[in-house]
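*Asks:* Take a look at the letters that make up each chain.
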Amino acid sequence: MSSVVLHEFEEDEELPAWSLPAEAVDRIRVPVTLPEQVTREWAWGGSTGAGVRVCILDSGIELDHPLVGKVERSVAVVRGEDGELQVLDDDEGDLCGHGTACAGVIRSVAPDAELTSVRVLGAGYTGGGEIMLNGLGWAIEQGFQIVNMSLSTTRTKYVERLHELADRAYFKRVLLVASAHNMPVESFPWRFASVISVGSHEEADPLTFYYNPSPPVEFFGRGLDLDVAWLDGGTLRCTGNSFATPHIAAICALVLGKHPDLTPFQLKSVLYQTASNARGGA
Amino acid sequence: MSDLEAAVAAGVLGADEAHRSLLQATVEVARSIFGAKAASVFLLDEEADELVFEAVAGEGEGELLGMRFPAGNGIAGWVLTTRQPLVVDDLSSDTRWSRSAAESTGYVPKSMMAVPLLVEERALGVLEVLDRPPESRVRLAEVDLLGLFANQAAIALDLLQRARRAREALAGQGRLAPLARVAAQLEDGERDAAFELLRALERVLAESAD
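Chains A and B, in that order, give the protein sequences. Using our numbering, the letters of the first sequence correspond one by one to residues 1 to 282. Using our numbering, the letters of the second sequence correspond one by one to residues 283 to 492.
Since the hints were derived computationally from the structure, they do not count as laboratory data. Hints may contain errors.
Unchecked claim - Taking lysine to aspartate or glutamate pairs in the DMTMM-like style, the calculated list, with each CA pair at most 20 Å apart, reads: (1) Lys392/B <-> Glu141/A; (2) Lys157/A <-> Glu450/B; (3) Lys157/A <-> Glu328/B; (4) Lys157/A <-> Glu484/B; (5) Lys172/A <-> Glu203/A; (6) Lys157/A <-> Glu403/B; (7) Lys319/B <-> Asp261/A; (8) Lys392/B <-> Glu343/B; (9) Lys319/B <-> Glu403/B; (10) Lys392/B <-> Asp225/A.
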């Protein structure tokens with residue numbers, strides 16, 4: 001069954017804000033309704049992630065890595081001479097290897113998704129929280145459909161602003177996919193209900209993922225023993241939630257490639273229905 | 283408990299060694315449990331933005347203590363900034379990393395488990411376990427176990443740092459040291475009030491430095 005497109009919203013169209021007059025009901029018909037049985041075939045059958053803009057908030061992406069291919073744009077959040085943070089185009093690539101690894105995972109599952117790198121790591125430890133918030137704010141402003149965040153902060157002073165950004169993303173249809181912690185610590189943004197939080201399972205199939213009925217970790221993706229893209233065109237065998245996260249981000253890119261009008265909560269429902277432990281996941 | 287309060291607590295001046303032993307014991311147990319060639323703890327020096335070898339068990343035990351490298355770099359730096367544990371099983375294929383490790387430490391591990399050391403909301407450093415037996419395939423349960431260990435190492439590291447700061451405060455290297463020494467001479471009730479005030483000052487200074 002295919003999605004039913006009833007109405008395309010115009011970019012600037014004014015929508016009812018705080019109430020819904022009777023004559024306005026026609027204007028808010030929803031563009032997608034989920035079928036009675038959401039299957040993987042319905043969700044992403046035939047999709048390559050084409051047309052989906054994915055942002056990777058990490059240590060940068062190495063240019064011309066054979067497992068990553070084309071990177072649409074690379075920017076970095078840097079502190080200017082006046083001390084203010086700014087987002088500038090960047091040609092330094094990846095300072096650690098990690099962002100390249102995440103990009104490679106997304107490319108392997110959603111080969112035609114558009115990748116953009118926002119470098120928020122690697123410039124030193126101090127001030128990292130501000131840089132991350134700034135990079136995330138930029139990504140939301142740019143309207144990427146998916147933002148991969150294989151990182152978190154434990155600093156409570158950032159929580160309120162991070163929460164506001166996550167909510168803003170949610171309402172702007174920017175899906176945040178964030179690594180959960182497998183340690184007994186409070187960290188963010190993965191604990192927020194507005195994001196998709198990801199832990200690891202031990203299986204080798206990139207499309208195997210599980211819904212966790214006991215949150216805060218909501219999904220488990222492939223995160224064990226992966227050969228990921230790394231610096232200097234190479235690969236590295238790695239394990240960690242950091243790599244499970246881009247697997248789920250890439251599956252989201254496949255779904256959005258086929259159903260671009262899904263909102264974050266609809267997409268989360270699709271993930272739930274198509275998880276390997278759910279009926280539609282077979 | 284604030285540093286200053288710790289400074290006047292009985293025995294704190296001698297505690298440095300005890301805390302160091304605790305940290306050393308932690309890395310030794312970590313090394314032994316994973317059957318690894320080495321385990322080490324790095325402390326973040328926020329002012330210098332560097333990671334410092336604070337405890338080492340096994341390979342490099344004699345030479346690496348006190349050695350430093352930039353906190354934003356490499357796998358340990360990444361683990362620290364993202365707060366995410368990472369397991370790497372064929373490090374030699376990261377030529378950039380292995381070259382710099384070889385140059386700085388003379389020892390190039392093949393595999394590494396690295397986990398951030400977190401106490402409350404602070405990231406204090408990184409625990410690394412190097413070169414598990416080649417036949418031991420990593421399981422997620424091991425990563426969880428490492429996380430539990432990291433918790434213990436983080437507490438030991440926190441105690442060590444507090445004792446050091448306490449000593450600095452009394453020895454006159456900290457900004458509030460003269461006041462702390464005066465406060466330490468006061469009668470009980472007055473001393474409590476003075477420490478209360480100093481704690482508040484400390485918080486203000488710490489927040490402005492953040």
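*Asks:* With reference to the structure, classify each hint as holding or not holding.
*Replies:* Each hint tested on the structure:
1. With a CA separation close to 42 Å, the supplied pair lysine 392/B and glutamate 141/A exceeds the 20 Å bound.
2. For the given pair, lysine 157/A sits about 27 Å from glutamate 450/B by alpha-carbon distance, which is inconsistent with the 20 Å threshold.
3. Distance restraint check for lysine 157/A and glutamate 328/B: the Cα-Cα separation of roughly 18 Å lies within the 20 Å cut-off, and the hinted pair is therefore satisfied.
4. A hinted pair counts as satisfied when its Cα atoms are at most 20 Å apart, and lysine 157/A with glutamate 484/B qualifies at roughly 17 Å.
5. Between the alpha carbons of lysine 172/A and glutamate 203/A the distance comes to roughly 34 Å, so the proposed pair goes past 20 Å and is violated.
6. Taking the CA atoms of lysine 157/A and glutamate 403/B, the gap is near 9 Å; set against the 20 Å cutoff, the hint holds.
7. Simply put, lysine 319/B and aspartate 261/A have alpha-carbon atoms about 52 Å apart, too far for the 20 Å limit, and the pair is violated.
8. For the proposed pair lysine 392/B and glutamate 343/B, the alpha carbon gap of about 17 Å is at most 20 Å, so the pair holds.
9. Of the pairs offered as hints, the one joining lysine 319/B and glutamate 403/B is violated, with about 31 Å between alpha carbons and a cut-off of 20 Å exceeded.
10. Restraint check for lysine 392/B and aspartate 225/A: the C-alpha separation of about 15 Å stays at or below 20 Å, so the hint holds.
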